[in-house]
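Q: These protein sequence lines are chains A, B and C, in that order. Under the working numbering, the letters of the first sequence match residues 1 to 100, in that order. Under the working numbering, the letters of the second sequence match residues 1 to 130, in that order. Under the working numbering, the letters of the third sequence match residues 1 to 131, in that order.
If you are wondering where the hints come from, they were derived from the structure by calculation, not from laboratory data. The reader is advised that the hints may include incorrect statements.
Calculated cross-link-like contacts (lysine-lysine; reagent style DSSO-like; alpha-carbon spacing at most 27 Å) [to be verified]:
#1 A:Lys57 to B:Lys2
#2 C:Lys72 to C:Lys15
#3 C:Lys113 to A:Lys8
Please read all numbers here as calculations on a predicted model, not as lab measurements.
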Amino acid sequence: MLLHTINKSPLVNNALSTCLRMAKDGSGILFIEDGVYGALTGTEITAVVEKAMKTKKVYALEPDVKARGVQDRVIKGVQLVDYSGFVDLTTEYDKVESWL
Amino acid sequence: MKFGICINEGPYTHQASDTAYQFTKAALEKGHEIFRVFFYHDGVNNGTRLTTPPQDERHIVNRWTELAEKHSLDLVVCVAAAQRRGIVDADEQKRQGKDANNLAPGFRISGLGQLIEAGIQSDRLVVFGD
Amino acid sequence: MADEMMEPGGGGVTKKFLYVNRKAPYGTIYALESLEVVLIGAAFEQDVSMIFADDGIYQLKKGQDTTASDMKNFSPTYRALEMYDVEKLYVEKESMDARGLTPDDLVVPVEVKTAAELGDLMENQDVILSF
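The shape of chain A in the complex, shown without the other chains:
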């Protein structure tokens, strides 16, 4: 299965919505850089991400979450990974699609 990376805030960019149209059940979605705003509670896209979490595994890059001061509002069930964990994910999934 694919690991999809999202590096744009889904509040202003359609990368996540296009990704979710194409992503298969069982694939992984990793929020990095400004993409981590997509992994938060209380936003207008929280429900979309929570729905995706029912069929896909969702991760967020912890150093980017912390840099932005939003570690207090990460959606429960989103798995936080560090850079080492990011590397592990790219090996656990078959390949990586970066939704730039």
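Fit chains B and C to the given chain A structure using the hints.
A: Below, chains B and C alone, put in the same frame as chain A:
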């Protein structure tokens, strides 16, 4: 595993080069092989040795050079993208009749085929951009 | 592009390469430089597919005229892809509908596929390059 890394944005403006660097460093620490780091689009701007950030800020260019020295990394700057953006090595300087060159140590300029080859030879190609 | 020619280093390996194009032309250089990757990559005789989705579809819009803006009109280059054996061009149905476009509006023949179909295609690739 063998990784190919492609970086499509320059330093400082976008986080892409930072993320790619941390990813590459973590992969090396875990014992993975980095087949090649390819710099494309504005990513070629990671390869100028004239970069001078404020002293209290990370030096993105030097950081790549140092990582390359430590791990014998192959840092390749795309020639076509580099020519558009004024990134020049000694050979290119001569060939294009320029009055200077600016390629940082540890980087080399080559063709886009190097990116395709990285895709073919690596187990995973990971793209960082904007 | 003569500077770019080098011995293809595929070593006899054939992989499935997918290029994902989601960015409009002209406003940024990504579309133009990505097309250069596809053309160079063709020399390596890999199994190439291209997806156009979101504003990337506008790369293929007929009638592009850059005379007044003095930018390079690279839309004719897509018609040359066939000569490079790059023939699998897919556009996402949802993105086409959202922009009121049909295949008749595009400079090259394409196959329209739904997002779900493209998701399957994506899972079936070896290397995915997105710019």
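Q: Are there hints from earlier that the structure breaks, and if so, what are their numbers?
A: Those not satisfied come down to hint 2.
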